[in-house]
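Residue numbers (our numbering), protein chains in the order written: chain A, 416 to 848; chain B, 1151 to 1438; chain C, 3 to 278.
Be careful, since some hints might not be right.
Here are the simulated lysine-lysine pairs, PhoX-like style, with alpha carbons at most 25 Å apart [what the hints assert, rightly or not]:
| # | chain 1 | residue 1 | chain 2 | residue 2 |
| --- | --- | --- | --- | --- |
| 1 | A | Lys490 | A | Lys725 |
| 2 | A | Lys509 | A | Lys694 |
| 3 | A | Lys490 | C | Lys224 |
| 4 | A | Lys739 | A | Lys775 |
| 5 | A | Lys739 | A | Lys509 |
| 6 | C | Lys224 | A | Lys725 |
| 7 | C | Lys224 | C | Lys12 |
| 8 | A | Lys587 | B | Lys1290 |
| 9 | A | Lys563 | A | Lys739 |
| 10 | A | Lys725 | A | Lys464 |
| 11 | C | Lys166 | C | Lys105 |
| 12 | A | Lys541 | A | Lys770 |
| 13 | A | Lys563 | A | Lys490 |
| 14 | B | Lys1290 | A | Lys490 |
| 15 | A | Lys694 | A | Lys626 |
| 16 | A | Lys694 | A | Lys739 |
| 17 | B | Lys1188 | A | Lys583 |
| 18 | A | Lys464 | C | Lys224 |
| 19 | A | Lys694 | A | Lys464 |
| 20 | B | Lys1290 | A | Lys509 |
| 21 | A | Lys725 | A | Lys739 |
Derived coverage of chain C by chain A (criterion: at least 3 residues anywhere in the stretch with Cβ under 8 Å from a Cβ of chain A; other residues may be distant) [what the hints assert, rightly or not]:
| # | region |
| --- | --- |
| 22 | 129-141 |
| 23 | 250-264 |
The set of hints was computed from the structure by calculation and includes no laboratory data.
All residues carry an ideal CB built from backbone N, CA and C; glycine is no exception.
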Amino acid sequence: MAFHTRALLGACAVAALCVPATAETLTIATVNNGDMIRMQGLTQDFTDKTGHDVEWVTLEENVLRQRVTQDIAAKGGQFDIMTIGMYETPIWGKQDWLVALDDLPASYDTDDILPAMRGGLSLDGKLYAAPFYGESSMIMYRTDLMEKAGLEMPDAPTWEFVADAARKMTDKDNEIYGICLRGKAGWGENMAFLTATGNAFGARWFDMDWKPQFDSPQWKETLSFYIDLLNEAGPPGASTNGFNENLSLFQQGKCGMWIDATVAASFVTNPADSTVADKVGFALAPDTGLGKRGNWLWAWALAIPAGTQKEAAAKQFIEWATSKEYLELVASKEGWANVPPGTRTSLYENPEYAKVPFAKMTLDSINSADPTNPTVDPVPYIGVQFVAIPEFAGIATQVGQEFSAALAGQQTVDEALAKAQTLTAEEMEAAGY
Amino acid sequence: MATQHSRSAARIMMAPAVVLLLGWMLIPLTMTLYFSFKKFLPLRGGDLGWVGFDNYVRFVSSSAFWPSVQTTLIIVGGVLVITVMLGVLLAILLDQPLWGQGIVRILVIAPFFVMPTVSALVWKNMFMDPVNGLFAHLWKFFGAQPVEWLSDAPLFSIILIVSWQWLPFATLILLTAIQSLDSEQLEASEMDGAPPLARFGFIILPHLSRAITIVVLIQTIFLLAVFAEIFVTTQGSFGTRTLTYLIFQRVLESQNVGLGSAGGVYAIILANIVAIFLMRIVGKNLDS
Amino acid sequence: MARAVTNRRKALNTLVAWSVGLLIFFPILWTILTSFKTEAQAINDPPLFLFFDWTLENYAVVQERSDYMRFLWNSVIIAGGSTVIGIIIAVPAAWSMAFVPSKRTKDILLWMLSTKMLPAVGVLYPIYLLFIELGLLDTRIGLTIVLMLINLPIIVWMLYTYFKEIPGEILEAARMDGAALKEEILYILTPMAVPGIASTLLLNIILAWNEAFWTLNLTAAKAAPLTAFIASYSSPEGLFYAKLSAASTMAIAPILILGWFSQKQLVRGLTFGAVK
């Protein structure tokens, strides 16, 4: 540990930034996810090493997105570091709103970042945000319930198998629901799942001329399949369940399967929070034999807004929080299962980390996601569970509300798709496509 | 009666409040009007030039506009009806002689002190959650299928939450008004053998009309701006998108400042229609 | 005989009133109870009411994660400051409206109230830009000003209705005695207006304390009040009912206690001119 400290200090000294006189207070906006809350608890380590203080602004995901987008768009300069995702990074980078992270010291080892993550957070080969943790999506399932249903989960199942298993596992009298999926409206909630799942069914958001495709049979099949499945084998209130709600249900042992972010694996296998910690198995997100799996790619990453007065200190923080040493620090305090996953190749080469039950499946899922070529038919956009254009968040949230209403039984699949088609066309026209 | 001197003194005394509010009204209003005639997309480079009334046309012709006006009116109207009706009943109840009146009043008043975000979070998670919520347990206890409140009865749920927060306010104002009612008048009518319902209809209710107008006026102002309750519970899904929320989506989620500003101007117009309507009544009531 | 009937009726009233009161209070009570449970107990089926292992663990976790006192202090300064400044500006205005009314007084009052109808989301962008220009983002002074302006119409209105209840004859008499304007306000008006001002003060502190749009959107770390504090506890990963309850209790407790202690004062004044 001492060696690492010195190495970091050495790096600072070269840049002549670590003189105590220049100690800064950084304001960092972040999301209230478990890994970030853990990072907050470890801030002292950063302060000890660099002398800089940190003030945290920890917000719920939706509030965070609204705040940081507002601030960066209006150039408010309230934050020195923002926690953003793979969707925002290239768009903001293109606007020159972010400081490029292309001069990180050799000890940081940028090449060690998983190529998928690095690609998604770069624009024209320049890294604009450093991944704090990365994820794909996969199936988490209850091994005991699967056995009880007389089935065996393959490593790479089809949607047909998953739907069948979900119906067999469901036991509503005992509050066991075969499958928990996102239903809460939002571009980062149900639309992340449905866009990715649509890919597996051959659906796509736009054709090569940027025409919305919600009137296609593939979307109808995707949405009908999803709604039928959740109605038969999903929990009550599925249309208001997001990641957190489903996590809570799974931890309480009420879900047979759950297809969601790979980072959830460490929460559902943590005996302190989960009643089913020792009965969880993992598999790749399902496909339909068309060659695309519905697994997405996402990273929560740290970025520096252009124009901050504290750029140097902010870079030091990002170096600290996304470094190999940070992973070791967490491992030494909380165990390897709790380190932020999905960012560094070296982590997956570490024999200690290989013992973690979900490590391999997480890496396989991340590696099988393909943002540049996400769909069966060709598309003009990048992104598995999103479309990397500025209008997407607004459009997808509204589309998500229509789909959520269809799931709640307030309108038919056809009505929801027709409305989605209309409003997407409206918004795209307004944006000048 | 008032001298010229005191008149000009009065004007000077009023000046700070008037000037400040004028500024608070005009500066944002002017800026909003300015943006509303622009194609202003921060994520696409910001100011993309003048577009005339494009934003206004687009905002009203969007499929979401009229439903959102309707939702706004339903929520405001629903909450007003519930709080006024229950408020009158509660006020009459609390006016009766009873033991521990002070404590009951404390209990009734309490929701008013709870910040909207907290009350929305508590209701959403701990009461209306279809699996772990208290209502779900209650329904199951009686052998019924738990209700999925926020998706099956979304407007009702939001009206319930907001009404819970505003009921204390209505109750307190109405209670003060009832307490000012001449009790001799009431007793006299009681002696005359007037049935309770008639007493309520002919003496209490007319006496309360002024207080009810005030409650309606003040609450409407706050209810038109209801935001946190929707943001926390449904995020505008299931037909709970009010005009305020629609503007929020345009400005913040789609980052279309021009379009959102046009929506803001519509919202100001709507608010002022409601305001003029209300103030006619209140103005009349205040003069009497 | 009559006495017995009254007592029976009183008992019935008491029963009904207490039931209704407890029903209305229940969500708050339930939140407070849940804040003392463990996360597992918080979602226990059937729900646990009083018989669980009371724990302070959630409060410790919340305190460790976010510095409660800083948020609390910001809330106190912003809510208190905006109300006090508002009252200082509103008292002269309300005084002149009440005692030197003109034809336009009522119009001005209603116009003031109508400024409250400006939809906050619609003007967020302009105000944000303005705040950047003036360097007011994430400052307590900036937020204090905004909340003062938002509540000023209510303050003026409330004070106006109190002042109007003060009989004009008293002022006339004082003027006969040769009291100057300053003395008039200081020695005659103020003592009579204190209950009204106190009630206005209380109501507006509550309104400012609970304001959740501007306080969240115009602050980051330095000026963030309790409304921002709660935004970091809504739907985090994993079980969160108990921690959310603890954070909620911490956010509402100060104002709840203040409100309870001063409820007589608040109730007495809360008429907005409803009583005549």
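Hint check results:
no.	hint	result
1	A:Lys490 with A:Lys725	holds (15 Å)
2	A:Lys509 with A:Lys694	violated (45 Å)
3	A:Lys490 with C:Lys224	holds (18 Å)
4	A:Lys739 with A:Lys775	holds (19 Å)
5	A:Lys739 with A:Lys509	violated (28 Å)
6	C:Lys224 with A:Lys725	holds (16 Å)
7	C:Lys224 with C:Lys12	violated (53 Å)
8	A:Lys587 with B:Lys1290	holds (13 Å)
9	A:Lys563 with A:Lys739	violated (42 Å)
10	A:Lys725 with A:Lys464	holds (17 Å)
11	C:Lys166 with C:Lys105	holds (16 Å)
12	A:Lys541 with A:Lys770	violated (34 Å)
13	A:Lys563 with A:Lys490	violated (57 Å)
14	B:Lys1290 with A:Lys490	violated (52 Å)
15	A:Lys694 with A:Lys626	violated (45 Å)
16	A:Lys694 with A:Lys739	violated (30 Å)
17	B:Lys1188 with A:Lys583	violated (56 Å)
18	A:Lys464 with C:Lys224	holds (24 Å)
19	A:Lys694 with A:Lys464	violated (41 Å)
20	B:Lys1290 with A:Lys509	violated (54 Å)
21	A:Lys725 with A:Lys739	holds (23 Å)
22	129-141	holds (count 6)
23	250-264	violated (count 0)
Of the hints listed earlier, those the structure fails to meet are numbers 2, 5, 7, 9, 12, 13, 14, 15, 16, 17, 19, 20, 23, in rising order.
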